[in-house]
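Chains A and B are the protein sequences, given in the same order.
Mapping to our numbering: the first sequence position 23 is 23, numbers consecutive.
Mapping to our numbering: the second sequence position 217 is 725, numbers consecutive.
Warning: the hint list may mix true and false statements.
[What the hints assert, rightly or not] No farther apart than 30 Å at their CA atoms in a straight line, the calculated lysine-lysine pairs in the BS3-like style are these:
1. Lys635(B) x Lys48(A)
2. Lys635(B) x Lys21(A)
3. Lys267(A) x Lys637(B)
[As the list claims (entries may be wrong)] Among chain B residues calculated to face chain A with C-beta under 10 Å, some are:
4. Leu543
5. Ala719
6. Ala726
7. Val732
Derived from the structure by calculation, the hints contain no laboratory data.
Treat the numbers as computed from the prediction; the structure is a model and nothing was measured.
Where is the CB? At the ideal position from N, CA and C, for every residue including glycine.
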Amino acid sequence: MNDIVQMRGIEKYFPGVHALKSAQFDLRRGEVHALMGENGAGKSTLMKILSGVYEKDGGTLRIGGENVNPDGPRAAQNLGIGIIHQELSLMNDLTIAQNIFIGREPRLSFGRIDERSLNRKAQEIFDDMNLDLNPQAIVGEMTIAKQQMVEIAKALSYKSQVLIMDEPTAALNDAEIGELFTIIRRLKAEGVGIVYISHKMDELKQVADRVTVMRDGEYINTVNTKETPIDQIISMMVGRDLNEESIVIPDLSGAEVALEVTGLTRKKEIQDVSFSVKKGEILGFAGLMGAGRTEVARAIFGADPIESGSVKVHGRTCKIDSPVDAVAAGIGYLSEDRKHFGLALSMNIRANIAMASLERYTDKAGRLNEKSLEEISMDYVERLDIRTPSDLQEVGLLSGGNQQKVVIGKWLLRDCDILIFDEPTRGIDIGAKSEIYKLLKLLAEQGRAIIVISSELPEIMRLSHRIAVMCEGRLTGLLPGGSATTQEDIMRLATQRKTYMNPIGETQ
Amino acid sequence: MNTLAQVKKPSLLSHIVATGTHQRLLAFASLILLLFGFSIASPNFMQTSNMIAILQATSVNGVLAVAATLVIITGGIDLSVGTLMTFCAVMAGVVLTYAGMPLPFGVLASICMGALAGLVSGSLVAKMKIPPFIATLGMMLILKGLSLVISDTRPIYFNDTEGFDLISRGSLIGEIFPSLPIPNGVLILFLVAIIASYILNRTLLGRYTFALGSNEEAVRLSGVNVDAWKMGIYALAGGICGIAGLLIASRLNSAQPALGLGYELEAIAAVVIGGTSLAGGRGTIMGTIIGALIMAVLINGLRVLSVAQEWQTIVTGVIIILAVYTDMMRKRKK
Numbered sequence: 001m002n003d004i005v006q007m008r009g010i011e012k013y014f015p016g017v018h019a020l021k022s023a024q025f026d027l028r029r030g031e032v033h034a035l036m037g038e039n040g041a042g043k044s045t046l047m048k049i050l051s052g053v054y055e056k057d058g059g060t061l062r063i064g065g066e067n068v069n070p071d072g073p074r075a076a077q078n079l080g081i082g083i084i085h086q087e088l089s090l091m092n093d094l095t096i097a098q099n100i101f102i103g104r105e106p107r108l109s110f111g112r113i114d115e116r117s118l119n120r121k122a123q124e125i126f127d128d129m130n131l132d133l134n135p136q137a138i139v140g141e142m143t144i145a146k147q148q149m150v151e152i153a154k155a156l157s158y159k160s161q162v163l164i165m166d167e168p169t170a171a172l173n174d175a176e177i178g179e180l181f182t183i184i185r186r187l188k189a190e191g192v193g194i195v196y197i198s199h200k201m202d203e204l205k206q207v208a209d210r211v212t213v214m215r216d217g218e219y220i221n222t223v224n225t226k227e228t229p230i231d232q233i234i235s236m237m238v239g240r241d242l243n244e245e246s247i248v249i250p251d252l253s254g255a256e257v258a259l260e261v262t263g264l265t266r267k268k269e270i271q272d273v274s275f276s277v278k279k280g281e282i283l284g285f286a287g288l289m290g291a292g293r294t295e296v297a298r299a300i301f302g303a304d305p306i307e308s309g310s311v312k313v314h315g316r317t318c319k320i321d322s323p324v325d326a327v328a329a330g331i332g333y334l335s336e337d338r339k340h341f342g343l344a345l346s347m348n349i350r351a352n353i354a355m356a357s358l359e360r361y362t363d364k365a366g367r368l369n370e371k372s373l374e375e376i377s378m379d380y381v382e383r384l385d386i387r388t389p390s391d392l393q394e395v396g397l398l399s400g401g402n403q404q405k406v407v408i409g410k411w412l413l414r415d416c417d418i419l420i421f422d423e424p425t426r427g428i429d430i431g432a433k434s435e436i437y438k439l440l441k442l443l444a445e446q447g448r449a450i451i452v453i454s455s456e457l458p459e460i461m462r463l464s465h466r467i468a469v470m471c472e473g474r475l476t477g478l479l480p481g482g483s484a485t486t487q488e489d490i491m492r493l494a495t496q497r498k499t500y501m502n503p504i505g506e507t508q
Numbered sequence: 509m510n511t512l513a514q515v516k517k518p519s520l521l522s523h524i525v526a527t528g529t530h531q532r533l534l535a536f537a538s539l540i541l542l543l544f545g546f547s548i549a550s551p552n553f554m555q556t557s558n559m560i561a562i563l564q565a566t567s568v569n570g571v572l573a574v575a576a577t578l579v580i581i582t583g584g585i586d587l588s589v590g591t592l593m594t595f596c597a598v599m600a601g602v603v604l605t606y607a608g609m610p611l612p613f614g615v616l617a618s619i620c621m622g623a624l625a626g627l628v629s630g631s632l633v634a635k636m637k638i639p640p641f642i643a644t645l646g647m648m649l650i651l652k653g654l655s656l657v658i659s660d661t662r663p664i665y666f667n668d669t670e671g672f673d674l675i676s677r678g679s680l681i682g683e684i685f686p687s688l689p690i691p692n693g694v695l696i697l698f699l700v701a702i703i704a705s706y707i708l709n710r711t712l713l714g715r716y717t718f719a720l721g722s723n724e725e726a727v728r729l730s731g732v733n734v735d736a737w738k739m740g741i742y743a744l745a746g747g748i749c750g751i752a753g754l755l756i757a758s759r760l761n762s763a764q765p766a767l768g769l770g771y772e773l774e775a776i777a778a779v780v781i782g783g784t785s786l787a788g789g790r791g792t793i794m795g796t797i798i799g800a801l802i803m804a805v806l807i808n809g810l811r812v813l814s815v816a817q818e819w820q821t822i823v824t825g826v827i828i829i830l831a832v833y834t835d836m837m838r839k840r841k842k
């Protein structure tokens, strides 16, 4: 057999989640094998098992034909498996050579480091890879692409036979991607097997020999890239049927425009984004991770600066430089990361619900009116059905769904009529999810303008009256909601890159 | 409305079991234990005069510790409380002794200059985004230098200001109850503690103090003007240092410009022993006062038992580490 890696029937459980259900994956010598799937499909988990970060709960893992069970990254490294994480893990203040040999520096007597042989060994690796890098250059002063090369060199210095790359092009520009692909092809020729995790269709056509698609922790299929049209890969990725009530889209032709964004721009992250939301409308924002949706939301809310563009609220141009301005204009933002950006976890429900409106419950001397604070927070506990023994319960002790309701309560109390929900159901169980959906619909019916950012297509399909799709900082399309739009339509726009778009065999 | 009443009951219970309370109880129990132990070890310890000496010794450190508590709850730290206290005392000297103005002006000058210096620290932290440790370290040195420059490195005496020494050493309570000659300094400490506690728990400023320490970014994203509130807290803490300046100047009947360094560490020690988290978001004034009392009782008790002073310092160090360690262990168990 030519397979260096063979994974069969892999099972993995996390508390409350069955993350991998009999997943499988093969890798041959000298091939680039892409692993695809939506966020949360289980790609990273599977690769973390291969690279020894997680232990599998079931199934077999064979490397070079032998059953193995690496119990840590070190063990996996010794088996010849190297991984390059999406977030580079280099020490910026050290040189390239020091980074590559961290933890196994050649030594002289008395624990002194043999810098000369360190640099020489690094140079040998670069010569092998045909890379033009100076071993003594400081890593932090190099471009991201060059840093990635260092990571690859580091992985190869362990004599890796398998190289796992997790979204390696996420931070690279086109020229740098080209450079990376050249290296990948060279490694391939030398017989290294490469696992390539990516969301970008056009890249697959460029480098991958085979594609394995995963969905909801399950193995779907493995196909040859050359013979398979992109549309087929996309439908394998989204596959699932949505057996649920079709969404009723209200007639909003006469409704007032609540929020109008024109030409929002900041560097590469947000490129000339324009859209509007009407009162009573739910606008869904679809796209893959890193598409720039959260950046747009934070920019509108004044949490991050913008370079150009304007925001109109109810027809009036608003200058929003900080969240203080945004809240004054009636915009509320519910962050994807409740724990870091939404809640004061060590404080109680009452304090959190009132956080954005405390001034209203304060007398001239600055004293809080605890009585009305209690009334109002109990009112929201009841209305939003927050399950808690009391409104003095610490928010950190609540479940994810109830925490999200507290954040929603905060913005309702502030009377914001434009609400931006960033991944409103992340980390929330199914039951609580549908409650949140109901709540969002209700808020729209009450005439609020709602923006929902979500990486889960079914969620976008279920909620949105209209769907905005982003890719790499650009708004690639605005689609109607409901049955007029398919998940494939959205996925196509979400992977529509501006340049570097001449994949072979694209059928459209 | 009857659901409100239903929910109220467990709320009280959960409030009592709340984390901050737990550590405070622990600190309080240690204080009682210490008092008990020392009174067995030495018959002189439980004398009224000795108790009053302990309270008197607590007053300055206690007031400074209250100021430090406010800043620490925001997740910051204030290293300048000690030298700021001295600076405020010197400013009172400038107004009262150099300029010969009446007593109230001196009091006002001390508190206002304290608040002003606090505002500067606050702006450094909030506006210029300098880490609190560094900002207040700088302020600590600047204020120490200013005190020495303004006073020409010589103590300023308050002999000409009638009643100045009564601020700390007089006893209003003693006049009413002659058997209880508790000095005014102690009275002022408890007044400051009660007011600070009220501000922390019942006012907007207090609520934001906890919120900043709990999750500053979440507060900012709630549309709150985080910088302004933070500056306000540092200013309030500075004003309280001004009160400490008055207390120590009154006790010594002079402003000693070389004094002050080291007080900040004792204050922070009291805060920590009292269960306030250095990570911010949690803490009580009551705990801090107990912490300050524990330190004073310890030093006094060891002195009564004729333990050498150098050993007193070592014991204090051990107590600080023990206090935080027990707190950490308890949290880990949860």
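Out of the numbered hints, which ones does the structure contradict? Violated hints: 1, 2 and 4; rest satisfied.
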